[in-house]
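Please model the entire structure based on the sequences and the hints provided.
Taken in order, these protein sequences are the chains called A and B.
Note that the first sequence ends on residue 182 in my numbering; no numbers are left out.
Note that the second sequence ends on residue 387 in my numbering; no numbers are left out.
Read the hints as simulated data drawn from the structure, not as lab findings.
Where hints are given, some of them may not hold.
[To be verified] Quick list of in silico lysine to any residue cross-link-like pairs, SDA-like style, CA-CA up to 20 angstroms:
(1) A:Lys10 - B:Asp222
(2) A:Lys176 - B:Ile218
(3) A:Lys23 - B:Asp217
(4) A:Lys176 - B:Ala211
(5) A:Lys10 - B:Leu226
(6) A:Lys176 - A:Lys10
(7) B:Lys300 - B:Ala269
(8) A:Lys10 - B:Phe223
(9) A:Lys23 - B:Val216
(10) B:Lys271 - B:Phe209
(11) A:Lys23 - B:Arg213
(12) A:Lys23 - B:Leu206
(13) A:Lys10 - B:Thr219
(14) A:Lys23 - B:Leu226
(15) A:Lys122 - B:Asp217
Residues per chain are reported as follows:
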Amino acid sequence: MKEYLTYFTKMRGSGGPPPAPRKAEILLSFAGSCVALYLIGLLHTLAMDVVKLPLIMAPFGASAVLVFGAFRSPLAQPRNVIGGHVLSALIGVTVYQLVGDNPTIAASLAVSTAIALMHLTKTLHPPGGATAFVTAAGGAAVHSLGYWYVLMPCAAGSMVLIAVGLLVNNLPREQKYPQFWF
Amino acid sequence: MIKKNAPMNEPPVVEDMVSEEDILRGFEALRGYVDITPQDFRELYIRIHTLARDRMFQRQTAKDIMTTPVFTIRQDSTIGECINLLAGKAVSGGPVVDAQGSVVGVISEKDILRLLGKQPETRLMRLIDDSTHQALHPSPELLRQPVAAAMSAPAVTAGPETNLGQLAHIFEKLAINRLPIVDAAGGALGIITRENMIHAISELA
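Next comes the structure, spelled out in structure tokens:
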């Protein structure tokens, strides 16, 4: 009986959230992510000029949250950002080529495989799940690029994020990014 | 005697030493958003602290902290000789050995007070205040008794590799003041007193 009760009492949670960062830090992460996503937008325009189709990599928005909003997180380190996106895109393209005619199956298989492989390679990066999703079940632009999509925009965009993250996150004397590279 | 390092999958002993408030203050002192909940951090902190503390208590062993060399008292020597020895060395007790040098007991002020018909817990002030001073002048027959008649036996002893954590538990559980450290044959290698324990533990604090 007691075990059943614990099962439910666990759902109440305990304690509170971690504190919010200082206002100045919030302002810096605002500026950093704004610049980084602007540059990634330019990259997208470049890619669209090639494929002549609309292309936008929404997962980079999620990556920016980590790189600029939680840069201490293990999930926000270069290994995870670059590794997570590249690996997930590779899985996405492959799954699309195997079962792409059923986008529902393609998306579920791609995301679950991406999570497992990111864990196995210590490159867990939550936006990678989104990358696997859009790559496996995304629009025509993604599919027309094939494996090129892994390099551009995925690898290129990740590197832009990391580059801006390095420049911005290390501006305050007390901050340092990354915690580790690879 | 001492609890083994708890395996990492067992919940750690809940300790009151670190509050969520302390953790939040620590988080606030850091730059950036700390990507861990205070509850998880607390659990991690307690586990890590327990491991570190256990390691520190296991690193020091009896042979590192014992007083050596230790004088011993033969069990067939008399109470009179024993009192002379303790008074001469200005100590409150020591290990008692048999003819082969094996530790067979411990004799202390308390044992001698008991022999003199006093409560072993008697304090010095009580003795001074006591109207029956003559009881402190033991009879010659009493002083001729062998130490073996008054000592605490069998002796609580420990080996030289007993670690500080185990030693602390022995002192606490058995409410003793001194612990002879013996080799495999029972021969005295040294002695650990409460002072030795306080010294060793204060080094960790």
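What are the numbers of the hints the structure violates, in ascending order?
-> 6, 10, 14
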